[in-house]
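Peer 1: Read off the chains here:
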Amino acid sequence: MIAMIVRRFFQLIFLLFGISFLVFSSMHIAPGDPATMIGGPTASESDLEAIRNNLGLNDPFLVQYGRYISDVVKGDLGYSYQTRQPISEAIAIRFPNTLKLAIASIIIAVIIGIITGLISALKQNSWLDVTSTTFALAGISIPNFWLGAVLILLFSVNLQWLPVGGMSSPFYTVEGLKELILPAITLGTGSAAMIARMTRSSMLEVVKADYVRTARAKGVKERNVIWIHTLKNAMIPVITVIGLNFGVLLGGTIITEKVFAINGVGRLMIDAIAARDFPMVQGSVLLVATLFVLVNLIVDIVYTYIDPRIKFQ
Amino acid sequence: MPIAVKENQEQAVLLELKGVKKYFPITGGILKRKQGDVKAVEDVSLKLYKGESLGIVGESGCGKSTLGRTILGLEELTSGKIIFSGTEIQHLKRKEKLKFVKEMQMIFQDPFASLNPRQRIGHALEEVFTMHTNMSAKEKREMVIKLLQEVGLKEEHFDRYPHEFSGGQRQRIGIARAIALNPSFVICDEAVSALDVSVQAQVLKLLKVLQEKYQLSYLFISHDLGVVRYFCDRVLVMYLGNTVELGTVHDLFNKPLHPYTQALLSAIPRPTVHSKHKRIQLQGDIPNPADPPNGCSFHTRCPIAADMCKTEKPVWEEYEPKHFAACHFAGQSIL
Amino acid sequence: GEKGASSDPEKSDNGNNGKSNEELTLTYASVTDAVGLSPILMNDSASANITDHVYEKLFERNPNTMEYEPVLAESYENPDENTWVIKLREGIKFHDGTPFNAEAVKYTFDKLRDPATAAPRASLLEPVDTITVKDEYTVEIKTKYPYGVFLASLAHTNAAIVSPTADQKQDLMNSPVGTGPFQFVSWVPGDQIVLKSNPEYWGGEPELKKVVFKVVPEVSTAISMLQAGEVQFLDNLPTEQMKRIESLKNVEVQKVDGTPVYYFTVNHAKKENQDPEFKKALASAIDRDAFVSKLNGLGFRSDSVVGPKVFGYQDSADKAGTPYDVENAKELVKKNGYDKRPLKLLTANRGNFQLMAEIVQSQLTEAGFNVSIESMEWAAFLDSARAGEYDLSFLSWSNITGDGSELFYPNFHGDNVGSSNRAQYSNAEFDKLVDSSRTTVDQNERQKFLNQANELMLKNDDVVVMYHGVVTVALNNDYTGLVLDPNGKWDLSKVTRK
Amino acid sequence: MEPTVSIAELGIKKPKKKERNFIVITKRLIKNKLAVIGLIIIAIQICMAIFSPLLTGHDPIKQNLANSELPIFSEDHWLGTDNYGRDVWSRIVYGSRISLVVGITAVSLGLIGGIILGLLGGYYKKLDGIIMRIVDLLFSFPGILLAMLIIAILGTSLVNVAIAISIWSIPSCARIVRGSVLSIKEKEYIMAMKSLGASDFRIMVKHILPNAFAPIIVFATMRMATAILSTAALSYLGLGAQPPTPEWGAMIAQGQGFMWSSPHLTIVPGIAIMLTVFAFNVVGDGLRDALDPNMDIQ
Amino acid sequence: MGETLLEVKNIVTEFRTADGQLSAVRDVSFSLQKGETLCIVGESGCGKSITSLSIIGLLPSNGKITSGEILYEGKAIHQLPAQKMRQIRGNKISMIFQEPMTALNPVLTIGYQIREPLMIHQKLSKREAIDKGIELLKQVGIPYPEKRMNQYPHELSGGMRQRVMIAIALSCNPGLLIADEPTTALDVTIQAQILDIINRLKDEFHMGVLMITHDMGVVAEVADRVMVMYAGKKVEEGKVEEIFDKPKHPYTIGLLNSVPNVDDPDFELEPIPGSLPSLDEQISGCRFHLRCKFAKDICRIQEPPEFKLSDSHQVFCWLEGDN
Ligand SMILES: Nc1ncnc2c1ncn2[C@@H]1O[C@H](COP(=O)(O)OP(=O)(O)OP(=O)(O)O)[C@@H](O)[C@H]1O
Ligand SMILES: Nc1ncnc2c1ncn2[C@@H]1O[C@H](COP(=O)(O)OP(=O)(O)OP(=O)(O)O)[C@@H](O)[C@H]1O
Ligand SMILES: [Mg+2]
Ligand SMILES: [Mg+2]
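Protein chains in written order, with the working numbering: chain V, 1 to 313; chain Y, 314 to 648; chain C, 649 to 1146; chain P, 1147 to 1444; chain U, 1445 to 1767.
It is worth saying that the hints were derived from the structure and are not from the lab. Accuracy of the hints is not assured; some may be wrong.
Said to hold, decoys possible - With a Cα cut of at most 25 Å, we get these calculated DMTMM-like pairs of lysine to aspartate or glutamate: (1) P:Lys1352 <-> Y:Asp604; (2) C:Lys918 <-> V:Glu45; (3) Y:Lys568 <-> U:Asp1710; (4) Y:Lys415 <-> P:Glu1332; (5) U:Lys1591 <-> Y:Asp604; (6) P:Lys1208 <-> C:Glu1077; (7) Y:Lys394 <-> Y:Asp423; (8) Y:Lys521 <-> U:Glu1712; (9) V:Lys221 <-> U:Glu1712; (10) P:Lys1177 <-> U:Glu1725; (11) P:Lys1333 <-> V:Glu205; (12) P:Lys1179 <-> V:Asp129; (13) Y:Lys412 <-> P:Asp1346; (14) Y:Lys526 <-> U:Asp1710; (15) P:Lys1333 <-> V:Glu222; (16) Y:Lys363 <-> U:Asp1724; (17) P:Lys1179 <-> V:Glu205; (18) P:Lys1333 <-> Y:Glu452; (19) U:Lys1536 <-> V:Glu222; (20) P:Lys1331 <-> Y:Glu388; (21) P:Lys1352 <-> Y:Glu469; (22) P:Lys1208 <-> C:Asp1039; (23) Y:Lys415 <-> P:Glu1334; (24) P:Lys1177 <-> Y:Glu477; (25) P:Lys1352 <-> Y:Asp350; (26) P:Lys1272 <-> Y:Glu463; (27) V:Lys208 <-> U:Glu1625; (28) Y:Lys521 <-> U:Asp1707; (29) P:Lys1173 <-> Y:Glu463; (30) P:Lys1208 <-> C:Asp1139; (31) P:Lys1340 <-> Y:Asp423; (32) C:Lys928 <-> C:Glu1077; (33) P:Lys1173 <-> U:Asp1724; (34) V:Lys208 <-> Y:Glu463; (35) P:Lys1340 <-> Y:Glu463; (36) U:Lys1508 <-> V:Glu222; (37) C:Lys858 <-> C:Asp1139; (38) P:Lys1272 <-> Y:Asp620.
One chain only, chain V, in its complex shape:
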């Protein structure tokens, strides 16, 4: 296991190199000039030139990239073009919110997804199955901004049960939880739908397995047949989906963060892209890639707990 973690770590380094080069070059190829974004639309040529020189944007591409990489290797992610704030600090402020949101919505997604998936699998082709399938598909098809706006209108503006947006209280307080509910639901529905569908098909496969029949032949209670003998086996592909979704969520989800005024990594990245704040884009993409690999690693470790057959050399 340790060996696997170490190997993944090496792979991660290569991946990050690749990603950073890709991001760096695409930011340079894409139209839009960081200097204009700092100087504003009416900045004069001399103003822009001063800004460019100051940021080193007049150097050749490879020189800029080399400088960036050597800083990163030294542990310095650089400073924002826009705010001149250290990138690591900017990310450190946003990441906890994204993390909270990602965890909350994956919890919601897992609970809803597994339960609906289980129901539809156990009552295959019944009206319950059709209903939950329909719900799952509705969940996957509703655009997030739409769902978010409607939830806000309903629960925050009309009923006034929950705050409209923002995320300022610690998650363990009542306020903190209230702030999380709507965005987590908005964000979680898509993943819930995926998890539900995965659970359904995986369960349908596993309930056919011989060992489930063995369990019944032993006289095991139906409840235990499902929860002990079936579910654990069915979870293996579901875990992959959960992991993939969680990885994506951890990278921040622009629309939900925007709609609920959450100060998260997704918005940071999108704002940085819009403002051509290269170092900030780099920093957030590297964070996302790292998280992605990390989550995959965790998923793989979870596998070994769920399925003893899986071993990592």
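Model the placement of chains Y, C, P and U with the ligands on the given structure of chain V, informed by the hints.
Peer 2: Just chains Y, C, P and U with the ligands, lined up with the frame of chain V:
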């Protein structure tokens, strides 16, 4: 007597194996370095004569299939020589090998698994000609229909999918595909094990008929000794990648030299209620092929193992004419 | 004039009634976060909204009289055209205790001018030659040439005075220190900035004790927050949501005719676009009245490029553009075969640009032109427009200083083709008029030059003014006293509870 | 040694009606009520796209500022008009062309890329490491940046949006295909093809690919939905269809500002997208079930 | 012997499928005494497994016993509510399934799986169940049973897994053990071990064993009585000697002639021509007549009734009617 008939042909060696080894590397560690080998086939040498059926028996996992696949070049040879019709074929490139592919064919254990479930069987058979000949579509179709008839199927089966056939029929298709290019050598890798006794009997008959007709040589892999006895001329017994005994059916079944052969023969459940055999109970399970025991690989389960068996590897010797074995106590009964 | 929306006499439940005993607090929702809080280094309106409350400038334009009035300055005189002697107000202290004096002014302006600073708006002081401290409270500034827009420049947000000690000690970008009515408390980047009242403010401590600038990127969410009472104040209300906002019971909308101008332009760098009939045909094809009716009251009509709230305006220019006449346009199109030429209409996909583009595209099509829209996000748009990769486009300018030269020079002067002159407009006669307006100190003279320049553009149909912006805010009914400037800025220092 | 029974009469099942594979699958599909509903919706949509002019009395881009924001069930405009006074129904009908075309193009391009990567990675152990790292890279590269890059290089056209979306699909498609290839290539019929001397290309294309079809089809229909939603998301970010071209995603994005005054401007295209997504998903579900060999037993 | 353990009377088991109702088991009756081994033989797909699953009540969800009854120790069990049936399963009747590789749950330890029935039916504490489990593993000849308790199925060889299955099946000393091809997937040497264990335990606990197989060798080895099935029907039943020495039904004869004899090199195979009809095929008369060399007119028209040849030997074939 078939054996007598084949005595004359013995001179014509079709296939010769010399010291064939096949190891599968076990990799591990951070850099996926090689950590050891599964010694699936360990030093096999033998000759196969034209028109004969050579049976290979042995416990599951002892390397029978690997040997078969290695001969066909489906697995890369670790070391040794494979000589087919006088040509060493183990190092040939794919292009050069195509010629031999036509000569050497294989019938697989699971007739269903060895057919592409999404291909009509007619097309599956046509594909063989597409790959190796320049026949026109019409010629191919005619050939396929002839083939189908040859194995007892009909033209109307041409457009069916594998799942629309019964197990026996599917195995016939597998046979048709194997004989399509007029091979001289066919490996049957447990070709009848998946079939039910009554279907198995049908297929065995068919194989025999074809052998007569085309002078085929079979390498017949099986763990059913009854079938082997019925079908083969000579038998090779393998244990944990090693050849332990080779002899004619008659010799081997009547005078087994190796204790493992003896155990195997005694363990066969006889479909008769009267002559209850004394069974030899082997203790323990088959050792891990990645970590075979020293000395004789069978010593861990051998009832007559002595100290020397634990340290010294027995040599492959011809104890009687055409009857080989590798055992320090060859011929000693273990009952 | 100032238009107040009809206020609802009923007090809303959503307001801050419960908090009446506490310190008066106001929360403002901003679509974007501030970039930084140093007037020298920032150049965006979200930051300006904050720095305007923390720092002060030497002068400020009175939104009503549109005259420049001294703030940190007490008075000024021009011994000659190139010399400005400014007397400063005495006894003012920065929030960190540093006294405000001539040194501070010199320090600030020198830093702004220094190329090493790379200040985005260093060009504000580009004509400045020397800055001399005459005494504790007097500075003398010499310009390289007579500079008529100097007071306007000094009234610009980016010309606010910073505390020299603070600037040397800390990064003003994230911990600003000025002389203003509010002082900085905290900033969680991306989330919110908190200011509190300055008890030692020379103009008297504001009643509003705490201001929270909250980042709410989605406007409709911000409106929901306003409705739910989570925020009390929004500005820059979007056209599409006006109906919704105006229907809210707990909110009062203020609208003021403003300085921003939105115009349609051809790419003047292309020869075929300089054809007067082509420009005339375009101008006649665009029905500005129909468009303005779609703005829900957030824009008003005037053909003049220099708007009514901008220095240099004369009401004779209101109708000086080519009037809408689709038949005339069709005729010109047919006559000159303009329909055969595919035209690319470049637009940014934000604010009302998209609306303009769609409506105008439809109107031009009606007249027979062959126009296709290409919309882009802001940064790419600015780049493409600057490079002149378009035939037609919409541009805008929200004039902070409210001076006509500040509109004409960056946007249309030949010097700035390739940078801020995205219309690629280059006309020697026009350039001369604008130069004169800048180098003349006599304001009446300047007015004349600006008007001539304005009329010149209109006569040639160089641009078609789509509308002039109406600046808006929506404020919770419990509050009053907010001052809204035509340039879109607002002042919270006089805000009180109703 | 002559066989006692004639071979021809051995083991022949009674000949069954010859049924083409797709007929069997269609039959099974038709038994699935949800899938049938989905198929009907898709059929309607295709009709909408092909016969748009016949289905609408209005020009989808014709503005009428005086008649803007008419509510649903207005006279002459049964789905109302948008804020430019354009008929919502005709925009929905014409919009189906783009949504379907973008969806199908994006998914097919993504499939091609994903299948190639997945096949190579799954089949050749040596390429697997590199290909999976490429896939990881594509996974973590922000989609928006990718879209911007493509649009920066190629422009803001719809085709390019399709390309952007298709590139998003590649990594997941590659993973799915690779997974199937890994298991299929161990199947005995692949070994059988090798023993017959088939080339790797033939094996991959003729024998592995058709058998990986079930997961690919399910993925494709799922992805079709995601693709249409992604155009919406891209339009929302300003990278979608260029106005005034009607496109559902852009319609939602534009209507968002009018959610309170004219909610139908978001809800109508929202429902259109939802129905499509729903239809493709249930058909995908149905197809998967129909292709499931387990159904064979019955 | 003598005490009747299980009685199956005229059961019919049907499947609801896309092609309509299909009968997999057609009117099968038999009985089993305590301490006796009954083997069911027949071609693959003839309904052996479905018969046994009908008894233990674990038919696939689309299957149902549509008529007939099953009596265990004289009490009907085919209509018991799920709750009651659970108390019987694993306790009074237990089953070993066809595939040792897949019948054990891969994610649960051997220990857990063997403890489970003990704790459910014998209400043992966890500690006691562990001890009993170790005891059972020892009985079926698994080396180092303590260690095995904490291992997972994939860490065991196929033979060991099948032995674990047997240990589980025997854990509550069932009165009836159903073994569905318990050795098909194994090699002869391992197969021999397992058959020995079952035989030994049968004698020890006086169980009834219902063994399903199509390997005639195995039958000869373990059976007291044999029932031959063809296409869902019982075609012949008798003592093992009767079946092997005096097979009456042409199908039984064909089956025996299809097995190569290891001990007789000159034995010539005589395969039964044709193949098993599919379930939905409508066949009038005897279901075997299409493949029967001796089929007469009546065979094609009317189903043969039971002909008793001796107390223990019955056959369903018109040919017997002639004698
Ligand atoms: N690709 C492979 N990689 C690693 N080990 C392998 C591979 N193929 C086979 N082996 C191992 O080689 C040994 C011999 O396998 P092989 O399939 O030849 O046995 P067999 O005699 O055919 O068994 P069976 O009767 O079960 O078919 C086994 O231990 C097997 O696990
Ligand atoms: N769930 C099901 N739905 C429909 N038909 C089924 C189902 N399960 C089994 N059958 C059919 O019932 C018949 C009897 O099956 P059964 O499993 O009893 O055969 P078997 O005699 O045990 O064969 P084998 O020796 O291969 O195990 C077969 O034709 C099979 O296809
Ligand atoms: Mg094998
Ligand atoms: Mg069975």
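Peer 1: Which of the stated hints cannot be reconciled with the structure, identified by number in ascending sequence?
Peer 2: When the structure is compared with the hints, numbers 1, 6, 7, 9, 15, 16, 18, 25, 26, 29, 30, 34, 38 turn out to be violated.
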